[in-house]
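A.B. asks: Now for the letters of each chain:
Protein chains: 2
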Amino acid sequence: MSNLFLLIPLVGCVSISSAQQNSLNLMPVPSNIEVQQQGRFALTPGFSVSVNADKNDAVLYAAVNRMYQTLNRRTSLYFKTQYITPSANTGPAQLTITVHSNAAGEIGIDESYSLKVTEQNISLNAPTTAGALHGLQTILQLAYKDGGAFYLPTVTINDAPRFKWRGLMIDVARHFVSLDEMKRNIDAMAAVKMNVLHWHLTDDEGFRVESKQFPLLHKLGSNGDYYTQAQLKELVKYAADRGIMIVPEFDMPGHAQSWFAGYPELASLPGPYRPGPRTQWQNDNPDPSRPSTRSIGDLIKYMVSPTFDPTNEDVYKFLDKFVGEMTTIFPSGYVHIGADENNGMAWKLNPEIMAWMKKKEMQTTDELQRHFVKRVHDILKKRDRRMIGWEEIYNDKLPKDAIVQKWITDGGDLTHPRGTANEFASNGYNSLLSEGFYLDIFMPAYIHYNNPAINGTDHSNFLGGEAAQWTEIANNENLPGRIWPRAGAVAERLWSPASVNDVDDMYRRLFNLSNQLDEQGLQHLSNYERALRRLTNNAPTDNLRTLTDVLTPAKGYKKLFAKMTKPANQTQQTAPLADVSDIVFCDSEVKWAFRRNVAAYLELKDPALENLLVKQLIKWRDNDAGLQPYFQRSAQLALIKQHSANLHDAAVIGLAAIENIKAGNQPDAAWQKEQLKKLTEYKKSVGETELEIVSEIEALVNRKLSPLPASFPVF
Amino acid sequence: MSNLFLLIPLVGCVSISSAQQNSLNLMPVPSNIEVQQQGRFALTPGFSVSVNADKNDAVLYAAVNRMYQTLNRRTSLYFKTQYITPSANTGPAQLTITVHSNAAGEIGIDESYSLKVTEQNISLNAPTTAGALHGLQTILQLAYKDGGAFYLPTVTINDAPRFKWRGLMIDVARHFVSLDEMKRNIDAMAAVKMNVLHWHLTDDEGFRVESKQFPLLHKLGSNGDYYTQAQLKELVKYAADRGIMIVPEFDMPGHAQSWFAGYPELASLPGPYRPGPRTQWQNDNPDPSRPSTRSIGDLIKYMVSPTFDPTNEDVYKFLDKFVGEMTTIFPSGYVHIGADENNGMAWKLNPEIMAWMKKKEMQTTDELQRHFVKRVHDILKKRDRRMIGWEEIYNDKLPKDAIVQKWITDGGDLTHPRGTANEFASNGYNSLLSEGFYLDIFMPAYIHYNNPAINGTDHSNFLGGEAAQWTEIANNENLPGRIWPRAGAVAERLWSPASVNDVDDMYRRLFNLSNQLDEQGLQHLSNYERALRRLTNNAPTDNLRTLTDVLTPAKGYKKLFAKMTKPANQTQQTAPLADVSDIVFCDSEVKWAFRRNVAAYLELKDPALENLLVKQLIKWRDNDAGLQPYFQRSAQLALIKQHSANLHDAAVIGLAAIENIKAGNQPDAAWQKEQLKKLTEYKKSVGETELEIVSEIEALVNRKLSPLPASFPVF
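Those protein sequence lines, which keep their order, are chains A and B.
To convert a position in the first sequence, counted from 1, into the numbering used here, add 89.
To convert a position in the second sequence, counted from 1, into the numbering used here, add 89.
If we strip away everything but chain A, and leave its shape as in the complex, we get:
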């Protein structure tokens, strides 16, 4: 940690623009906020709460008590009241909560709330429980410390979301995620006012749901890691208590290897099958006609993915029963069927399927996929469930009540988009956006925040979007740091007005959110620190952290493709995922503090800022020497040794640049060119990580900060 952080104002009241000031520490920024410049509300042991609402609104009362307890713990004031209950709820109070209708966890209900904080009291009004829950989160984010005491600023907030569907998708098939980790993610979602958890429960690598109808699904379709029905129901309730709807995804007809481990008769090709990455299945069944190269393009093109047989009536009987069972667990009105990435290879290799298609006059496997999707749609409809699918379900015969989820970025040979979210909407379908919101490709938060795909999604059929975390190379340990705090930037994009787009202020609030999530128990910081201890074998981690705090994972799919195409597939369930690239965050807080200070210094030439920068640069310069013994003691740390040397060299260049500025020298073009050439080298990926602060050193050399790149290569 660096003293630079102290520059970040606790409340937006020091040397920041008025737009930023009004955003305080709130994430997402409310649609309307007025900050009074005078006065504040003080939290005391007598902090009292009164609720005017349906006395049976258990979701509301539980949320009020959670908010109250969080403040009690944060302030350590030992509030005199223990619990806010309907019966104890009489007389005037400092915080009055009024809720008109007992409703939450449904898409499209009124989620607005208004909040007024004066020096004397706080009032929260909401038409629904859902709105009140959001308002309670705003109260938590407003509460701040000053001196030894805690306050809320005096504000008037009228808030409502821009989009009605603000989701997070978590893939628990590739790597299993524990129930407790899921709960912590739900808590974090609630903090940023998200309302849908899209739970990717099945895939080739694992079937994570206990089925009593078809017990071989979880027994043979997983490595033993699955949720019991009691646990599934527990999480559904946990989410509902926080105003969050869980939408289960059962991916089909492809991505279905784990189903076939127990029920191979449902597949298009004979088994045996066992859960695992698709590439594993390919490796197990070598076909001499396929190229022996391991390029990712060849894998995608020639992969024979285990796929449901759409011509087999037993498949639909099976799915009908299975869906019936799942609807007793998941009350939400939506079921996601995936339907992505089916290249049709498994069908083409089965002569009977090809004969069936011919009989039905189907020309392409895409038509067969349409047939399958329609049949599954009808099974869901019978159970009052709306079908959601990834954009590959989209075609001109798709039933109009289906919801289409956009995800594909054009990838040349690799991927082919079916349209934009707005095109789907214009053609009469409710649509969702996940393109540009994929958290698993290691982009910094501002890339998602500025996601261009959200532009033009103004059709009323467009519902909103979802951040998506696939877990080929994420597991229970690094997952929270992969998702958070970045998902907060997506949440803000989906909640706040489009005009809220100041990246610097977003980052100020994002790192604040990170601390808030840590306070409420999220493990992103703890697991990072634990991983650093493991990497140093419990020796002091200070030097290592100075380096890793300014490293980010290599951006895009490079890291995944590298692991997938190794002889022993390194995306497997038991892969350690304990390298530096696995544990560093996609946004470096130190980088953003440094960037802010560089920008301010270049503008103001302030000696205090200069001192801060010099101190930081000296720390980086001197860090490499201290790390040398560590590189000798750890093969994993040796992978990033070059970055340490580069950080040293970059810091030396930065110090020289400041010397030049300080001395009032004119820019020396030759010197600048020489340094910039070196700095370009330092930007290269090493050990699947990138050194984040090079652009800011360039700025010191150039005496001008370049704008952030608008995008980075995905493939």
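The reader is advised that the hints may include incorrect statements.
Same chains, same names: a pair is fine if it fits in one copy or spans any two.
No farther apart than 20 Å at their CA atoms in a straight line, the calculated lysine to any residue pairs in the SDA-like style are these [as the list claims (entries may be wrong)]:
| no. | residue 1 | residue 2 |
| --- | --- | --- |
| 1 | 751 | 133 |
| 2 | 410 | 421 |
| 3 | 647 | 498 |
| 4 | 644 | 421 |
| 5 | 730 | 236 |
| 6 | 704 | 628 |
| 7 | 234 | 622 |
| 8 | 272 | 320 |
| 9 | 308 | 415 |
| 10 | 730 | 165 |
| 11 | 694 | 497 |
| 12 | 322 | 300 |
| 13 | 694 | 791 |
| 14 | 447 | 747 |
| 15 | 308 | 176 |
| 16 | 406 | 467 |
| 17 | 767 | 402 |
These aren't lab readings, by the way, just hints derived from the structure by calculation.
Could you slot chain B onto chain A? The hints should help.
C.D. replies: Coordinates of chain B only, in the frame set by chain A:
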């Protein structure tokens, strides 16, 4: 963190005595170990395991895979095999595991194992699954890092426990403990070869078990925090998978307020009742005849604890049904009924109970308690459950199959022991020891390690003991740091031969265990760091940590009594427990490293050691200045401000003492006396915490390290 830690050898091979060397990093120390001085076994990606055992021994296979995965993750070697399964288990392997009988989780079975590590391979042999599980933990503790690679030392171990009952009691009534936290504690227990989790599930403050027979028990008897039956069964299985038996405790006839919230008719006095501390009930029902002082002695003497009515036949019908329900959840052959701390006041205040006693010719409420205990004993016996009770069940008419758990330390007016564990054993009862193993009174680990009460417990009726963690002032956040790593010292006392008693070596291994537990996911370090961040409001924690790393909570019951007797009881369920005294550990790792270095320096006068000490002292001296702004910004930190000044002053004295030694000065008695007087002041408790490194500064002044105190006042 300090570089001093680097002095701790990774494997016991540098400048430590041969006894220590042979203990390696193992905790508990095996009963027999031979270390070969040459050679070692290298872990590689091809690390292979073969199991010769009952193919249906799911507990064994799961444990083998956990061990295998832990090594895979620790080494990041990407082992070629994913899972060790009975079917894949053919051919020669590097590690061969042979188990003769599929048995674990029962008291009294053979828990021995033998382990032989050569340069080429490892063999683990055990008569039972239980023994094999212990051997797998030994393998994990043996694996160490050297350079960039991982090895096991070449050893021959023949190991078996000293006592058959090695337990940990966790109170989840006073403060609820989450299911996941319970799981992590079970993992930690398994790491130190404990075999009994004694789960204190009910008390005045909360009824933590879902009852379908009597749903008002959990519904009105808790604040909503309880385990569902599905969760209870999940934990029983989780423990059994790790060779650990769960013994549930339902405390009665006293400590029973939470039962009566829903079923007041079972109590000796009319209600209404609600769950909460006993003192709360007293405060709610003021009796003018009782003194108005809030001394702890008065509280204990005059407290009217809600207590079952032993004269009411409906009570036994109720308990019979309840026990019947619980036996479907807890398969263990033991049920703990508590039966502690019943002062009889509730019975004396009920004339009908007094009349009943008279009719039955009972002279004292103790006799009535005997009657109650006997009736409950019979209910348990009917269900094939052996009754365990705290020592208050002990009397000459107690059925001989009862097990008596010793806990009471003589506390003058406050507590009165009923005998010693060995006396109970000599009189024909199986007995257990918890006196001296109470973790909740903030003693350093060596006090428990040297527990004098274990001496003389050589009767064959003596089963073993249990560390005990009561939770009046512990919650889900500070619990892991309250229990661990200290419980490891108790585990060693109960497993290893009595001759294993080197305190310095125990601490070396204890802090090593702490890191191992952190690696496997225990939250003690993470929660400490999170609490520090909260205390600094997310400003850098380095300075604060330099201080808090050498603070420990005030020892004994002082802190609890202080909180209990505040007008608003601060032990309540929702108490923040977020002060410095709530989060610092009972053993300071920095203190022990410093102590080791002071001892070595005074013996050797080595300049390298001198440099280390001076560096440490300068860090402490200079720390106070950096902390000043923090004291202004936090009321909780201001509570320990004096310690910071004292640490500065003590460091100044230490530096002067070293100067004197270095200059070859003779001891100056007047100067010494003056310094020692000041140092005595610094030992005083401030903000319910104590400064741990004062004795070592005294040693530098005296040029001689005093022995550790044999005990500290409890009351």
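A.B. asks: Would you mind marking each hint as holding or not holding in the structure?
C.D. replies: Status of each hint after checking the structure:
1. 751 x 133: Intra 49 Å, inter 54 Å, cutoff 20 Å: neither.
2. 410 x 421: This pair counts as within: shortest intra-copy Cα distance 18 Å, inter-copy 38 Å.
3. 647 x 498: within (15 Å within a copy, 64 Å between copies)
4. 644 x 421: neither (35 Å within a copy, 53 Å between copies)
5. 730 x 236: Classified as between; 15 Å across copies, 42 Å inside a copy.
6. 704 x 628: between (25 Å within a copy, 18 Å between copies)
7. 234 x 622: between (31 Å within a copy, 13 Å between copies)
8. 272 x 320: both (11 Å within a copy, 15 Å between copies)
9. 308 x 415: within (17 Å within a copy, 29 Å between copies)
10. 730 x 165: between (44 Å within a copy, 17 Å between copies)
11. 694 x 497: Neither. Shortest intra-copy (45 Å) and inter-copy (69 Å) distances fail the 20 Å Cα cut-off.
12. 322 x 300: both (13 Å within a copy, 19 Å between copies)
13. 694 x 791: Close inside one copy (14 Å), not across copies (55 Å); limit 20 Å.
14. 447 x 747: neither (73 Å within a copy, 94 Å between copies)
15. 308 x 176: between (47 Å within a copy, 16 Å between copies)
16. 406 x 467: within (12 Å within a copy, 54 Å between copies)
17. 767 x 402: For residue 767 and residue 402, the Cα distance exceeds 20 Å both inside one copy (64 Å) and across copies (88 Å).
Figure legend: structure checked against the earlier numbered hints; hints not met, in rising order: 1, 4, 11, 14, 17.
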